[in-house]
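**Student:** Read off the chains here:
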Amino acid sequence: MNIIACVKQVPDTEAQIKVKADGSGIEEGQIKWVMNPYDEFGVEEALKMKEKNGGDVTIVCVGPARAMETIRTALAMGADKGIHICDPVFDNADAFVIANALAAAIKALPHDIIFCGQRAIDDDAGQVGAMLAEALGLPQLTVVTKLDFAGSSVKVVRPVEGAQMVIETPLPCVVTAQKGLNEPRYASLPGIMKAKKKPVDVKKAADLGIATEAKAKVAKVVPPPARPPGKIVGGDDPAQKAAELGRLLREEAKAI
Amino acid sequence: MAKGVMIVAEQRDGALRKISLELASTARKLADQTGDEVSAILLGSGIEGLAAELGKYGVDKVFVGDNAALEPYITEAHADVVAKIVKENDPAILLLGASAQGKDLSARVAAKLATGLATDCTDVKIDGGKFVAIRPLYAGKCVGEIEFTSTPAMASLRPNVFAAEENAKAGAVVKVDAAVDAAAIKSKVVEVQKDTSGKVDLTEANVIVSGGRGMKDAEGFAILEALADVLKANVGASRAAVDAGWRLQKDQVGQTGKVVSPNLYIACGISGAIQHLAGMSSSKCIVAINKDPEAPIFTKADYGVVDDLFKVVPELTAACKKIIG
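Chains A and B, in that order, give the protein sequences. In terms of this note's numbering, the first sequence has 1113 at position 111, counting the first letter as 1, and numbering is strictly consecutive. In terms of this note's numbering, the second sequence has 86 at position 66, counting the first letter as 1, and numbering is strictly consecutive.
Just chain A, with the same shape it has in the complex (with noise of 0.2 Å):
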């Protein structure tokens, strides 16, 4: 099987973020990269597609110099080779753009299945496994918490407000990772040596020959609204704290 999985880089969850002063964007300076927390179900379970079935995981990124660390974090998980899509011109890139760059590279690739997270934590927009399927002409299966493979389709489970939708889709498709499809492996030390020797195509942006200006710009950043100070409830024991809680609830706040 020719498979695929798709990574981005992105600040880890613990990562304080700071606005830039002239809200053009954030401060990069303290901040520790990782894989994509939802990237490393949708390797996983490319992973565990490969083992059972035989073929091969490609992984493919968009990203500065520094996403290569990603790429090779995924090859010493046990992916074979990696696509990474590296020019500055993608820096200000909207997903619609990222999804045609990882097209153009997928294109010129046997695929049957494509695995993306179902979003990335920084920009938290969710659209480029849809739009990249949109573009490859596949159909999408987004969200999704469990993966049976049969032969030539996949069954999956995909969790929407108060009910779960079981949808089957003939291959080729594309797969977007959600918590809960795998219990992603750690990169073991000799996958680690091993990584470093697999191979990694880096390309530009004219090498795939698409337009790249963003259809939806950041125009500015700004920190969080601040919330007002709030107030801490006064007692002698739990239950008076409770009781004047419930009152503020009612009272002052009208929440209950």
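It cannot be assumed that every hint is accurate.
[As the list claims (entries may be wrong)] Rough simulated footprint, nothing fancy, chain B against chain A, three-plus residues with beta-carbon under 8 Å:
#, stretch
1, 1018–1026
2, 1092–1103
3, 1127–1139
4, 1162–1175
5, 1225–1233
No wet-lab data here; the hints were simulated from the structure. Idealized CB from N, CA, C, for every residue including glycine.
Chain A is already provided as a structure; the job is to place chain B on it using the hints.
**Tutor:** Just chain B now, kept in the frame of chain A:
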């Protein structure tokens, strides 16, 4: 030239979802600023009757696409029909819900229309004649203002954040051709497993009582369930509680779980790791109950109780029972 505000209404099993009314009301407010019309796309089977309700919330015109092949929701079919209606009517702004369905659909439609999309917005405005979408980035650690270089400018709105206010307009039905090419629809819904708990989804809840590591074990959540029963609330959990196996993944609030904005969020035994705060800080009223006065959760709380939650929560349940009656 592109003109007007269009929404994609969402219905399930023949009933409009609340987000549809939030979309209608928000679209009305935007359109009133520019003197434009609000239209809606409503797809499904036997759903024409729902157009009147959209009218009540400010929609002038409802494009109704009636076709059994559009039930239940399947991406490829809905995206094709929506894109076709949008192309024919050329709105300046297209709004969808940032619900499970809306997120899946909006990105596919944006790609079909080769236009820009801002996901999960918490505010939208017309600024100097331009549409601007405001959305949290890094799960709310900062906020981005999104501008568009293409039409329609597309935005999906976070459920529960925008008010649904009545503002009666015609809601006139315009029947549209909603034919889908069955051969081109490759995905098939083979089963819909309904949640039988009788609770709404966490993202749609008005009140959430959440527990973290301080609950000590799965059994500890019993007191939160009791409080939730009285408040008609959902029970949520921090990543620590989910990773420990005390609660299900679908109940996780935070950067790697759900982002929620209920009217009332009660955090019990949650220290307030930044990844958790990211998922709940757009809640309207936040209560924190924790015995550690230094816990970061208190920096976000409107009301803090510094005490043993195992003593406070049962007392709070009793107090609320008395208040609500």
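**Student:** Next, verify each hint and record whether it holds.
**Tutor:** These are the hints, each one checked on the structure:
1. Interface restraint, the stretch 1018–1026 of chain A with chain B: holds (3 residues with C-beta to C-beta distance below 8 Å; minimum three).
2. Here's how the stretch 1092–1103 of chain A fares: 4 of its residues keep a CB closer than 8 Å to some CB of chain B, so the rule of at least three is met and the hint holds.
3. Taking a C-beta to C-beta cut-off of 8 Å, the stretch 1127–1139 of chain A contributes 10 residues in contact with chain B, enough for the three needed, and the coverage statement holds.
4. Using a Cβ-Cβ cut-off of 8 Å, 12 residues of the stretch 1162–1175 of chain A lie near chain B, which meets the minimum of three, so the contact claim holds.
5. Counting residues of the stretch 1225–1233 of chain A whose CB lies closer than 8 Å to any CB of chain B gives 7, which reaches the minimum of 3, so the coverage claim holds.
Of the numbered hints listed earlier, not one is contradicted by the structure.
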